[in-house]
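**Q** Throw the hints in and build the complete structure from the sequences for me.
Quick note: the sequence shown uses this note's numbering, first residue 1, plus one each step.
Hints were generated in silico from the structure; no laboratory data involved. Certain hints may be false.
As the list claims (entries may be wrong) - Derived Cβ-Cβ restraints for the label pairs, each shown as a range: (1) E107 <-> A15: 54 to 62 Å; (2) G188 <-> P119: 28 to 36 Å; (3) M1 <-> R176: 33 to 41 Å; (4) A99 <-> S335: 17 to 25 Å; (5) R176 <-> D129: 17 to 25 Å; (6) L274 <-> G210: 30 to 38 Å; (7) G33 <-> D136: 23 to 31 Å; (8) I215 <-> L274: 40 to 48 Å; (9) A15 <-> L274: 26 to 34 Å; (10) P80 <-> M1: 49 to 57 Å; (11) G33 <-> L274: 21 to 29 Å.
Said to hold, decoys possible - Pairs of lysine-lysine, DSS-like flavour, derived with a Cα cap of 25 Å: (12) K187 <-> K276; (13) K187 <-> K14; (14) K298 <-> K319.
From the three backbone atoms N, C-alpha and C, an ideal C-beta is built for every residue, glycine too.
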Amino acid sequence: MSTLENLIAGAVGKAGGVISLADFMELALYAPGLGYYERRERAPGRQGDYYTSVSVGNLFGRLLAARFAGWLASLPPTTPPRLVEAGAHDGRLAADLLAAWPETGPECPRTVEYWIVEPSPRRQQWQRDRLAGFADKVRWAGSLDDLPGDLAGVIFSNELLDAFPAHRLVWEARRRDWDEWGVGREKGAFVWRRLGPAGDLRRLLPELPGELLEILPDGFAVDVCPAALAWWRQAASRLRQGWLLTFDYGLEELEFLAPARSAGTLRAYHRHQLQKNPLARPGLQDLTSHVNFTALRKAGEEAGLETVDFCSQEEFLVKLVRESGWPSAAGRENSRWTRQWQTLTHPAHLGARFQALAQRRRRSWGKNSSATM
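**A** Structure representation (C-alpha cells):
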C-alpha cells in the first residue's frame, strides 16, 4: 500500500469508517507531496493521462492573449490592468500568453501584472522555473484573498473547477430522499459507503418536478461541488472591474439527470483511458466531475456579474478570431497552428468537450464601455 493510500485509509479510520467523496478527492489529488496534482510526471499531454487545450500547443495562449488585450484596452487608463490565472499547474499557459503579449496590438496595455493563484508550494516552484524569463511580470498569491484589493482585469482558469472535490448524492427511492455516499475501506480496497442524509447538500441539486421524482431510479447518483461554487463567488467578490472566465467540462443543471448519467459524472483517467474504478490507485489517476454551469452562472449573477458568454469552446474561439483576427505570427507558424486550431475547435476533439463561461462586472467607463466580449 502506497504512502498516499495509508494516509487516506488513516482518514477513513479516524472518521469511523467512511469519509466524504470530497475528502477522498482532496487527499487523492492534493495531499502535499503525494496527491495526483503534486506529481510532475502526471503532466497533461501525450505522455500524461489527458489532453488540455494548453497541452495541444501555444496557440490557445496566443488566442487568449488577443482576447484579454481587447478586454483590458476597454478599462480606464488610470486602472492598473491585471491578469489572474488560477490552476496554472506548471505555468505553461502563462508562458504562452506572456510570450504573445507584445504582439497583441498598439491599443492594449504594454505592461500587465500577471498573477498566479497557487496554494501549493511545489506547483509554485514548477511555475517559477518555467516562467523565469518573465520573472519581472509574474507575481504569486496563495489564495484569492491574497490578491490586490482593487482588482481590475481578468480572472481566468482552464480546467480548474472540474478538479475541485465533489460530493456524491444518491437517490433513495423508497424514502424519496437523497443520501450522501462516501468512501470506506474493505479488504484492502476503497469502496463506496453510505455516509448519511444529504442535508444541506440538497440545495445544490436541480429543482425537480414531482413527476420526475416518481420515476427517478433508485440509486441514481448526482455529483455536486459546493467548493467550485464557493470559489466562483469568491473570485467574483475580488473583481472590482473586469471579467471572470473559465473553460471546463460541464453541463446545464437538468442534464445531470439524463439516464446516461445515472452513475454520476465522476470520472478517472489514466494514460488517456477512462478507468472503471475512480476509487482505485489514488494519486495515480486523474479524477474529475462535471461543472454545473447553471449554478455557476447564477452564482456569478447573484454576486453582481453579468453573463456575456456561455458557449462551447469552439464557439468562443471562432468568435474570438472573427473579432480579433488570427495571431500576427501566422505566416511562420501556419501549418502547426492550423493543426492546433483543428484540435481546439473541432467538435470531435476539444471544441465541444469544453464549455466557456465569461461574466463581467461592468462600470461606466466612458466611450469604450460598450465592449461585451
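**Q** Does each hint hold? Answer for all of them.
**A** Now for the hints, and whether the structure bears them out:
1. E107 <-> A15: 54 to 62 Å: 56 Å, holds
2. G188 <-> P119: 28 to 36 Å: Hint holds: Cβ distance 32 Å, inside 28 to 36 Å.
3. M1 <-> R176: 33 to 41 Å: 40 Å, holds
4. A99 <-> S335: 17 to 25 Å: Given about 19 Å between the Cβ atoms, the range holds.
5. R176 <-> D129: 17 to 25 Å: 54 Å, violated
6. L274 <-> G210: 30 to 38 Å: Given a distance of about 35 Å, which is inside 30 to 38 Å, the answer is holds.
7. G33 <-> D136: 23 to 31 Å: 30 Å, holds
8. I215 <-> L274: 40 to 48 Å: Roughly 28 Å apart at Cβ, these two residues miss the hinted range, so it is violated.
9. A15 <-> L274: 26 to 34 Å: 29 Å, holds
10. P80 <-> M1: 49 to 57 Å: 51 Å, holds
11. G33 <-> L274: 21 to 29 Å: Holds - the Cβ-Cβ distance for G33 and L274, about 27 Å, lies within 21 to 29 Å.
12. K187 <-> K276: Given that 25 Å is the threshold and the Cα spacing comes to 18 Å, the pair holds.
13. K187 <-> K14: 17 Å, holds
14. K298 <-> K319: 24 Å, holds
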